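Student: Chain residues, written in single-letter form:
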Amino acid sequence: MQGPDEGALRALVPRVLAGLVRRGEDFDAAEDALQEALLEALRVWPEHPPRDSRAWLTTVATRRLVDARRSEAARHRREETTYAEPRPAATEDGDDTLFLLFCCCHPDLAPASQVALTLRAVGGLTTQEIADAFYVPEATMAQRISRAKRTLRGRRLDQPGDLAVVLRVLYLVYTAGHAGRVDLAGEAIRLARQLTLATDEPEARGLLALMLLNHARLPARLDPDGRIVTLDRQDRGLWDTREIAEGVRVLQSALAMQTEERRPGRYQLEAAIAALHDDAASAEETDWPQILAWYDDLVVLTEDPVRQDPAAVLGRAVAVGHVLGGAAGLRETDRLREVIGERHRWHAVRGHLHELDGDLPAAATAYAEAGRRAANVAERDHLIRQAARARAAWAYPAGESARGA
Amino acid sequence: MPKYLLLKHYRGGPEPHRPVPPMDQWAPEDVEAHMAFLRHVGKLLEENGEYVDAQALTPARTWVRYGGPDAAPVTTDGPLPETSDLVAGWYMIDVESHERAVELAAYVSSEPGPGGEPLYEWIDIREVMS
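Line by line, the protein sequences give chains A and B. Note that our numbering numbers the first sequence so that position 74 is 74, with each residue one more than the last. So the mapping is simple: our numbering equals the position in the second sequence, first residue as 1, plus 1000.
Quick caveat, the hints were computed from the structure, so don't treat them as lab data. Some hints could be false.
Claimed, not checked - Where chain A lies over chain B, by a calculated footprint (3+ residues, C-beta under 8 Å):
1) 1013-1024
2) 1027-1036
3) 1045-1059
Since the structure is predicted, the reported quantities are computational estimates derived from the model, not experimental observations. Cβ atoms here follow ideal geometry from the backbone N, Cα and C, with glycine treated the same way.
Start from the sequences and build out the full structure, keeping to the hints where you can.
Tutor: As structure tokens, this is what we get:
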């Protein structure tokens, strides 16, 4: 007899957990009980496969909850338990994922805790897997998760939460997932896809589209030695056309829902920009004027974009550089100096804009500055290479070796 | 088996055997050769079963001390002499002996610099207490 399919088992986690929490179980206790039920399933199912996996898990988890309560009650030397027996679950399947995401992304939790709890309770990852993904010891991650669950203890979890927080947490999971044993980017896409089944909110689709359209380029982002390959030099034949097609389809379905009152939000706008990059057959064919138009929409989403959304202003400066020339792009970055002038990305963008402007010595200096501020080895190495390349192109324009004869 | 840290420094340590400009001012092919050598060292240590960990640090530094009751921590990032020690990163290795650690550190120090010639970088070997 084959063991249970782990993927199928994990897909059941949010549905069973949501059912338990909805009927009034404590989130913390229910999550522990379900983890025990999952271990039991891995042990028992190969010999005795259940007829209804979900019902089996719910029953076993409930039994664990009752056991836990009884021993708790005994410890407190109480004659009768004050807990009511579980009420029958009244669940709406489609909402389970959304409901649990609201629990895990509770505004009282710090972002790192929201991410960890989401991966465990909704994603069904083990604590060890989550620890591996963030390069921390398992005990540290276990502590972070149990503290997060303690914070939720006693909170009412029946109010609809803030969808914007859920989207931000999923995007954090996505951006964290570029290395390591666990495919966090793939996990974030899976969760975002479930989320789009649970809500009609166009921004949820915008986020899914954005992830798909960026993820499609992942195979071309690093060369076989692990070196970063910039967008303009990537082998576009390595891009995942199936993911691009799905991303475009999801984005179009989101944009189709816009009205005069409800304009596209930031994830849809960023997805639209990503779609234009994906759509270009070569770097030269990139539709920069259209990208700039989307950035214009993006920066007006906040009242003070320089302070509230400097990343968007910086991205727009690149587009300005490609449409109006490097000097114009550099002027756009000037007003960001006070806010992100110490960040490596600001210097890296200026290096690129100086190159567009034809000023190679200034580009080399900016790339070197960026390299000194990078907090990631691959990016640091990439920026040092960019600096050396720009300097050599200036000193030896004919392409002769910089090392000389 | 004893564990050792092989520390690389941004600055500090004995007088450089071969002064070189910052890497962003090297010829691109020299930068590539240098980085390729470091990748090779990592692989070699793993294949030998001597690798424990390797990390790089950013050059930004903040000194912190307790500020006293009800006071914020006291921090400073300077002024510090330009010659003060600044660690750039390390390999942690698990090897047979101190001699083996010295041998590996010397190999790391043979990493190619400008013109493809060895850097002769000073490597700081520290034993990790068990």
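Student: Which hint numbers does the structure go against, in order from smallest to largest?
Tutor: Of the numbered hints given earlier, the structure breaks none, since each of them holds.
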